[in-house]
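Peer 1: Each chain, written out:
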Amino acid sequence: MRTSRWLALMVITVTLFACLGGTAASAPLSGKLEIFSWWAGDEGPALQALIELYEKQHPGVKVINSTVTGGAGVNAKAVLKTRMLGGEPPDSFQVHAGQELVGTWVVAGRMEDLSDLYTKEGWKTAFPEGLLNLLSTERGIWSVPVNIHRSNVLWYVPDNLKKWSVKVPATWDEFLSIAPALKAKGIVPLALGENWTVSHLWESVALACLGKDKWEALWQGKLSWKSPEVVGAWRTFGKVLEYTNQDAPSLSWQQATDMVVKGQAAFNVMGDWAAGYMATTLKLQPGKDFGWAAAPGTGGVFMMLSDSFGLPVGAPNRENTLAWLRMLGSKEAQDTFNPLKGSVSARVDSDLSKYNAYLQSAAKDWRTNAIAGSLVHGVVANERFMNDFATVMEIFLNSRNPEAAANAAQAVAIQAGISR
Amino acid sequence: MRSRRDQVMAVLVIMPSLALLAIFVYGFIGQTVYMSLTDWGQGAALALKPEIHFVGTRNYAELFTGFLNVRFRQDLVSMVFFTILFVGASLALGLFLATIIDQRIRGEAVFRTIFLFPMSLSFIVTGTIWRWLLQPRGGVNVLPSLVGLPPAGFLWLSSREQALQFNWQVLPHYVVLGAAFVLIAWGVWSAARRRFRTSALVGLPGMALLAWAVTGGAARLQLLPFPEAHGFNLALVGVVIAATWQMSGYTMALYLAGLRTIPDELREAARVDGASPLQVYRYVELPLLAPITWSAIIILGHIALKIFDLVFAMAGPDNAPTSVPAILMFLTTFRGNELAKGASIAAILLVVVSILIVPYLVTSFRAGRA
Amino acid sequence: MYQRGTSRWFIHGLIVLLAVVYLIPVYLTIITSLKAPADINLMTAWKPPAHPYWASYATAISKFAPSLENSIVLAISATLLSAALGSINGYVLCKWEFPGARFVLPLVVFGMFIPYQSILVPLFQFMRRIGLYGGLPGLVLVHVVYGLPITTLLFRSFYAEIPDELLGAAFIDGADFLGIYRWLVLPLSGPPFLVVAIWQFTQIWNEFLFAVTLARPASQPITVALANLAGGQAVSWNLPMAGSVLAALPTVVVYVLLGRYFIRGLLAGALKG
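Residue numbers (the numbering used here), protein chains in the order written: chain A, 311 to 730; chain B, 495 to 864; chain C, 42 to 314.
Looking at chain A on its own, in the form it has when it is part of the complex (with noise of 0.2 Å):
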């Protein structure tokens, strides 16, 4: 009997081992893990604090740190593209969670699915449903989330509107009923800059022409490019653009946001990274020296974009990838690296106390608000859409003619297979 005891209690304790084993570490892990990311600048701590994390939890495995920026995306692109075709994959790389994700690299067959990830850490309650949508298809999830931004956000300086006794504009019609007295006053009314952030403020102007449920149906096919209510979002958009600032081409976004923070145009349409910009580089506070709020016609709709992870089949460091995607869904990782990042945690769980005002105003928001996917980062449509939605804004700009840019688009759509 007692050898039996003896024989249990062993089988218990090897079985708890094995359990440990399986959940936790069960062989430190070696070797290397390359990150393939364009985040530098201002966004390089950020991505530097996560690198570190890893590092403390792995000691063993030199992080290599692939950053390629510039060229507006395109040559991270072109990098990441040669790679893979070649047959030379990072072990992780950058990615918008989407259809930038889906349409290029998982009909592609080049991601692993994560779902037995998701499933063992929990993550199918922490990240809300919304999100795990956009990242998942039929057949799997597909990568790991670390952020949320927002697109749809109006920026302004409190006081300023103040001086100028303008107030905040809750539609586009208010926009376009205050926007002649500030051009008067020799303000530019809506600062813009180079040629992506035209299409920004365009997501954001539809958005708000179309509303939630249209903005969905129009990218799944169900709402044609042609219907009306697409032409005057596009209508709205050339009267919009009448009073933004000339030289805007050859402006950064940065320095569109400069131009609202120096007092030389009332408003910017800019993605909540502008809030990092501006509390972290050019230290102004939340609330008091900058104000926000939904951009016009868009209040209640948190029109979102999401940096991801993912695992690309044949990833030469599989274990390192996989435990630096348990990392990054961790509460602790999404809690370190998005108050450095200006951006929100993806999970619905996150300590709310590490972030500065605008963050907890924009996490409220993610909770609350209804959820819609951006076009330009990646979100909605894939990237054969993006690119020659390029061509779609550059003939609507020479044109000014919506019906004509509402047929190019259409066209882009058909081929892109978005829809019929």
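No wet-lab data here; the hints were simulated from the structure.
Values in this document were obtained by computation on a predicted structure and should not be read as measured data.
For each residue, glycine too, the CB sits at the ideal point set by N, CA and C.
Check before you lean on any hint, since a few could be wrong.
[Stated by the list, open to error] Derived contacts from chain C toward chain A, CB cut-off under 10 Å, selection only:
| no. | residue |
| --- | --- |
| 1 | Leu109 |
| 2 | Val162 |
| 3 | Phe165 |
| 4 | Gln166 |
| 5 | Met168 |
| 6 | Arg169 |
| 7 | Tyr174 |
| 8 | Pro232 |
| 9 | Thr254 |
| 10 | Ala256 |
| 11 | Pro258 |
| 12 | Gln261 |
| 13 | Val265 |
| 14 | Asn269 |
[Said to hold, decoys possible] Within a straight-line C-alpha distance of at most 30 Å, the following computed DSS-like cross-link-like pairs (lysine-lysine) qualify:
| no. | chain 1 | residue 1 | chain 2 | residue 2 |
| --- | --- | --- | --- | --- |
| 15 | C | Lys104 | A | Lys342 |
| 16 | A | Lys477 | A | Lys366 |
| 17 | C | Lys88 | A | Lys572 |
| 18 | A | Lys664 | A | Lys430 |
| 19 | A | Lys372 | C | Lys104 |
| 20 | A | Lys674 | A | Lys641 |
| 21 | A | Lys593 | C | Lys88 |
| 22 | C | Lys104 | A | Lys366 |
| 23 | A | Lys598 | A | Lys493 |
| 24 | A | Lys641 | A | Lys477 |
| 25 | A | Lys524 | A | Lys674 |
| 26 | A | Lys593 | C | Lys104 |
| 27 | A | Lys641 | A | Lys434 |
| 28 | A | Lys664 | A | Lys372 |
| 29 | B | Lys543 | A | Lys342 |
[Stated by the list, open to error] A few chain C positions that, by computed beta-carbon distances, are all more than 10 Å from chain B:
| no. | residue |
| --- | --- |
| 30 | Gly46 |
| 31 | Ala60 |
| 32 | Pro78 |
| 33 | Ala91 |
| 34 | Glu202 |
| 35 | Phe218 |
| 36 | Ser230 |
Starting from the known structure of chain A, fit chains B and C onto it as the hints suggest.
Peer 2: Below, chains B and C without anything else, positioned relative to chain A:
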């Protein structure tokens, strides 16, 4: 004596280089052309083993006639205008500089270096520097305010104004017309040299083409069902200035060396005959510089047609008013994932460059000048 | 046409004016690189800084050190290799007619004119297949191969000036293919080698397209690093300008010191083919 063994040796020694070039130039061009005839770029373009179908010349037809490829057509037009302006400006400025420096001025070496050094820079460096100079609200535009004038407001790299607009629909018509004139001119030229067979062989088709164009037959060859305006983007002026700044020193060096090889006796002889200095320049020196002009056109022309880095650094890849096919190929391939269409653009670029280069290579190597 | 008297003053004035215009970008680059980020303002772009801010250069050097090192390794090794190959090829094509040689040269030379977009995708697939994608050795190979046309052409036109009688005499003395190259041609190759080296060094140092598509971040040459910095996010212009100076320095020094040889080389290339 040259032994057989030495002959074999010579061929063996050069073989590796030739083999490498055969693969890296002709092999890869072949692959790109093949790619351009497929549909690589649909859906799972980036799979490890993508599904690729042969579709013939569909991509080319799309580029020239598909209404979504308007940017390609404008880029092609921009490339041509850029090339003409940049080559023209570099030749004129280079000749001007060389003529002045040839006046036995003091400190010649210093001036030569000043005009030549931009050529040693990378287009990336030139582009970065000129991007700063051409900021709409700074750089060159605020120069007038240094002397109390209002600053200029030209949007150097982002202006959407176009000059010399034409309708893309009429392009085939003009191509036919142009071809007819070239052929007829060639025929007349051959006839003047009593090569009547060549004259007839090229002249008659030329006349047929002319008749076809004049009677309106060619006008019915329309690429597009709707009018589409293309023209010279004024935003390119900034790129032309930067490129000319960089390369005019090169043409200066060529012309200067050319002027220096003209024997003084020739000039003396003309002067003895009563020619003024200006006449010596016009009738003795300039004609002797013609071969240099041709080489410079070839060298600068192919650089201009391929221009990529300069625009990339100066205006970024997304700035449509300054875009050229080389940039569009990069975007189409690496951002749009349309590898076949990118390959078509690359192939068209190659053909355009070849139109400039091949006749030059053929004539110069046939003449045995090399 | 040579002028005298007042017109000589006019001409000197004109050339000084032109030189000033050509140096404007240099002036702006240098003063901007020496300004503190906070002092950089579009309206005061032309004013020199009150106090030079050398920190831009310190930052730029630390940022660009790895890519400068890559560029140096790349440019020097690819230059030497392509010059060596070009020399032997030029020798063969100039002095050893073989069947079909007449067609080989134009086909080789065509390679230097092609737009590299037209070989880009097959190129990186090939580099991947032979395991040379992403690192410096691969970039060296690419620059050597696409440098072959120009180096071969330049050496060939230089060697054409070596009289055939000299070779004939060497044959009579019993020299063979390699002997003639080693003892006759190579000792005469100094000036052409210099020209080819200057040309190749600047070309490779300045190249961008291959560098941006074929190099992993760790092997990036300076042009890519500079383009990334300048085209990246928030730009305070002192850094790109200091970076431009760093990126330009080696080739500018080469030009200023060796420009005379270079012009000779250009002429050989341009006038003869």
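Peer 1: Each hint: holds or not?
Peer 2: Consistency of the hints with the structure:
1. Violation of the interface hint for leucine 109 of chain C is found here, the shortest Cβ-Cβ separation to chain A being roughly 17 Å, above the 10 Å cut-off.
2. Evaluation of the valine 162 of chain C hint against chain A yields a held restraint, the C-beta minimum of about 8 Å falling below 10 Å.
3. Contact between phenylalanine 165 of chain C and chain A, as hinted, is supported at the beta carbon level, the nearest pair being about 5 Å apart and thus within 10 Å.
4. At a threshold of 10 Å, the smallest CB-CB gap from glutamine 166 of chain C to chain A is about 6 Å, leaving the interface hint in force.
5. At about 7 Å, the closest approach between the beta carbon of methionine 168 of chain C and any beta carbon in chain A falls short of 10 Å, and the interface hint on this residue holds.
6. About 3 Å separates the beta-carbon of arginine 169 of chain C from the nearest beta-carbon of chain A, less than 10 Å, and the hint is met.
7. Look at tyrosine 174 of chain C: its Cβ gets to within about 5 Å of chain A, closer than 10 Å, so that hint holds up.
8. For proline 232 of chain C, the interface hint is violated, since its Cβ never comes within 10 Å of a Cβ in chain A; the closest pair sits about 40 Å apart.
9. The beta carbon of threonine 254 of chain C is positioned within 10 Å of a beta carbon in chain A (closest approach about 5 Å), and the interface hint is therefore held.
10. This hint holds: alanine 256 of chain C has a C-beta 8 Å from the nearest C-beta of chain A, less than the 10 Å allowed.
11. The criterion of a C-beta within 10 Å of any C-beta in chain A is met by proline 258 of chain C, whose closest approach is roughly 4 Å, and the hint holds.
12. Checking glutamine 261 of chain C against chain A by beta carbon gives a least distance of about 8 Å; that is within 10 Å, so the hint holds.
13. For valine 265 of chain C, the shortest C-beta to C-beta distance to chain A is roughly 8 Å, which falls under 10 Å, so the interface hint holds.
14. About 3 Å separates the beta-carbon of asparagine 269 of chain C from the nearest beta-carbon of chain A, less than 10 Å, and the hint is met.
15. A C-alpha spacing of about 23 Å is found between lysine 104 of chain C and lysine 342 of chain A, which places the hinted pair at or below 30 Å, so the restraint holds.
16. At most 30 Å may separate the alpha-carbon atoms for a hinted pair to count; lysine 477 of chain A and lysine 366 of chain A exceed this at roughly 49 Å.
17. Our distance criterion of 30 Å between C-alpha atoms is met by lysine 88 of chain C and lysine 572 of chain A, whose separation comes to about 22 Å.
18. In summary, the hint linking lysine 664 of chain A to lysine 430 of chain A is supported, as the alpha carbons are separated by about 27 Å, within the 30 Å threshold.
19. This hinted pair checks out: lysine 372 of chain A and lysine 104 of chain C have alpha carbons roughly 21 Å apart, not beyond 30 Å.
20. Simply put, lysine 674 of chain A and lysine 641 of chain A have alpha-carbon atoms about 17 Å apart, close enough for the 30 Å limit, and the pair holds.
21. Restraint check for lysine 593 of chain A and lysine 88 of chain C: the C-alpha separation of about 27 Å stays at or below 30 Å, so the hint holds.
22. At most 30 Å may separate the alpha-carbon atoms for a hinted pair to count; lysine 104 of chain C and lysine 366 of chain A meet this at roughly 26 Å.
23. With a CA separation close to 25 Å, the supplied pair lysine 598 of chain A and lysine 493 of chain A stays within the 30 Å bound.
24. For the given pair, lysine 641 of chain A sits about 38 Å from lysine 477 of chain A by alpha-carbon distance, which is inconsistent with the 30 Å threshold.
25. The hinted pair formed by lysine 524 of chain A and lysine 674 of chain A meets the criterion: a straight-line CA distance of about 24 Å does not exceed 30 Å.
26. Restraint check for lysine 593 of chain A and lysine 104 of chain C: satisfied, since their Cα atoms lie roughly 25 Å apart, inside the 30 Å limit.
27. Distance check on the hinted pair: lysine 641 of chain A and lysine 434 of chain A sit about 14 Å apart at the alpha-carbon level, within 30 Å; holds.
28. Restraint check for lysine 664 of chain A and lysine 372 of chain A: satisfied, since their Cα atoms lie roughly 29 Å apart, inside the 30 Å limit.
29. This hinted pair checks out: lysine 543 of chain B and lysine 342 of chain A have alpha carbons roughly 27 Å apart, not beyond 30 Å.
30. Every CB of chain B is more than 10 Å from the CB of glycine 46 of chain C (nearest about 12 Å), matching its label as outside the interface.
31. A Cβ of chain B approaches the Cβ of alanine 60 of chain C within 10 Å, the least distance being about 5 Å, so the stated non-interface status is violated.
32. Distance check for proline 78 of chain C against chain B: the nearest CB is about 14 Å away, which clears 10 Å, and the non-interface claim stands.
33. Listed as outside the interface, alanine 91 of chain C is consistent with that label: its C-beta sits roughly 18 Å from the nearest C-beta of chain B, beyond the 10 Å cut-off.
34. Every Cβ of chain B is farther than 10 Å from the Cβ of glutamate 202 of chain C; the closest lies at roughly 13 Å, confirming the non-interface assignment.
35. Its beta-carbon lying about 4 Å from the closest one in chain B, phenylalanine 218 of chain C breaks the requirement of being farther than 10 Å from that chain.
36. A cut-off of 10 Å between C-beta atoms confirms that serine 230 of chain C is not in contact with chain B; the least separation is 15 Å.
Comparing the model with each earlier hint shows violations of hints 1, 8, 16, 24, 31 and 35; every other hint is respected.
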